[in-house]
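Chains as they are written, first to last, in numbering that gives the first Met the number 0: chain A, 0 to 390; chain B, 0 to 92.
Because the hints were derived from the structure by calculation, they are not lab data. We put the beta carbon where it would ideally sit given N, CA and C, even for glycine. Take the hints with a grain of salt, since some may be wrong.
Reference listing, derived: stretches of chain A covered by chain B, where coverage requires no fewer than 3 residues with Cβ under 8 Å from a Cβ of chain B [to be verified]:
1. 94 to 108
2. 195 to 205
Computed, partial: chain A to chain B, Cβ under 7 Å [as the list claims (entries may be wrong)]:
3. ALA111
4. PHE322
5. GLY377
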Amino acid sequence: MVRVGFSGDEAIAYAVKQCDVDVVAAYPITPQTIIVEKFSEYVYNGEVQTEFVCVESEHSAMSACIGASLTGARVFTATASQGLALMHEMLYIASSLRCPIIMGVVNRALSAPINIHGDHSDMMGSRDCGWIQIYAENVQEAYDWVIIAFKLSENTDVLLPSSINIDGFILSHSIEGINVLGDGDVKSFLPLRTVKYRIDPDNPITIGALALPDYYYEFKVQQEDALRKVPSVLEGVVAEYEELSGRKYGMIHAYNVEDAEIALICLGSTAGTARAIARRLNEEGKRIAVIKPWVYRPFPEKEISEAIKDVKAIAVLDRACSFGAPFSALASDIITTQFKYGMNIPTINCVYGLGGRDITPLEIKGIYEELEKIAKTGKVEEHVKFVGVRE
Amino acid sequence: MSAEKPGWKSLPIAALLLEPKSSLKYKTGDWRGPFYPTIDHSKCTKCLLCWIYCPDGAIERVDDGVKINLDYCKGCGICVSECPVKAISMERI
Chain A
0 MVRVGFSGDE
10 AIAYAVKQCD
20 VDVVAAYPIT
30 PQTIIVEKFS
40 EYVYNGEVQT
50 EFVCVESEHS
60 AMSACIGASL
70 TGARVFTATA
80 SQGLALMHEM
90 LYIASSLRCP
100 IIMGVVNRAL
110 SAPINIHGDH
120 SDMMGSRDCG
130 WIQIYAENVQ
140 EAYDWVIIAF
150 KLSENTDVLL
160 PSSINIDGFI
170 LSHSIEGINV
180 LGDGDVKSFL
190 PLRTVKYRID
200 PDNPITIGAL
210 ALPDYYYEFK
220 VQQEDALRKV
230 PSVLEGVVAE
240 YEELSGRKYG
250 MIHAYNVEDA
260 EIALICLGST
270 AGTARAIARR
280 LNEEGKRIAV
290 IKPWVYRPFP
300 EKEISEAIKD
310 VKAIAVLDRA
320 CSFGAPFSAL
330 ASDIITTQFK
340 YGMNIPTINC
350 VYGLGGRDIT
360 PLEIKGIYEE
370 LEKIAKTGKV
380 EEHVKFVGVR
390 E
Chain B
0 MSAEKPGWKS
10 LPIAALLLEP
20 KSSLKYKTGD
30 WRGPFYPTID
40 HSKCTKCLLC
50 WIYCPDGAIE
60 RVDDGVKINL
70 DYCKGCGICV
80 SECPVKAISM
90 ERI
């Protein structure tokens, strides 16, 4: 184990290098650029044996990745914002053709107005594309999840692509000290990809055939079944990774749920701030839990329902706005999970941080105070709040 | 027909076709509704207009005129409409 200083982008590039990836096809876009920029240096220096394909757009990047993945190669790409939006149709093809591609998504707001800073609108816009979707809180997690995701995605019970999401600039451009594994350790954790079916001229098969109303539906249910297998497969993968690294992962990270009266649920880097404030307030006698889904798709419904069962009020923070919906994406999932598991906990949805606007410790403290009020009265006055916006 | 087709648990993933020439096994005649064409051979003059007009190539030339291949006939009825001597008619199953 070596301690190094990496930005989020550099950490992802380094992890990809250690994963012995066969093909990278990517197109630069802020704030993801450093991932492929750094990786192209590894290629130029002969540090990796990777075919690096410079394509003319993200649509082509994902197309090239799908073709490469279908030959049995281990494949990586990275993008953000408009780039992910341009890939949209190919995302569905990657998951439907069961290509275990890993993609770094450096979350950034969508135009217009044009904005290069972090929010989750990009990935939430492709929420239903059938990919495994993972959100990292810090640079260490970004590094670890890339390695975990390759093993998870390539599992023959799963065979689905994964996106590793990190908050634009907050993680992508911030340098943190992280522990990296040795190359040999990664190699033993992640052996060569084994494939049952692939593009092979000596054994021709048809990939990407037409399926009409009499067959299409069956293949969609296969995909859903594969996604639902992720929690049990991940359990084994993270146990093995913990043995190797000493770091524990899972579907969710739950802080102080045993003793909590109120809970805050959010994705990505905001969880760190929320936990820091909660810890300070808990020392003063408050009872706050902070729950962070690491895996957003498949949704960790069982783990979440277990974690929230004893709390009296919940705030769900969404760094994206589902325009016109009763609640934004994460809050919708939390509320439907409650319905499915027979709970009805007063829940508020705080939209925040659009276009990279900071959420301050004081604002988070304000959310906790409101939750305490709701926990006492059992009443929610305003279901959806836009935290930190000027009126 | 759907009862005879495999379900999602036994189909290969991702709509992969593992054997060549699988299209030969795919009978598009399945798409036909309750009506199918029949030929009254006593009226047929073997003019072959139905053979020309059939959009699915489901009418085959045989020694004694034409034969409809119901494995591929989608039941559009164009042959009925084109036959100059009204030798073809649609029957209900």
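Going through the hints against the structure:
With a threshold of 8 Å between beta carbons, the proposed coverage of the segment 94 to 108 of chain A by chain B holds, since 3 of its residues qualify and at least three are required. Counting residues of the segment 195 to 205 of chain A whose beta carbon lies closer than 8 Å to any beta carbon of chain B gives 4, which reaches the threshold of three, so the coverage claim holds. Interface restraint check: ALA111 (chain A) against chain B, minimum CB-CB distance 37 Å, threshold 7 Å, status violated. With a cut of 7 Å, the hint placing PHE322 (chain A) at the interface with chain B is violated, because the nearest CB-to-CB distance is about 33 Å.
A least Cβ separation of about 44 Å between GLY377 (chain A) and chain B goes past the 7 Å threshold, and the interface hint is therefore violated.
This entry does not satisfy hints 3, 4 and 5, going by the numbered hints stated previously.
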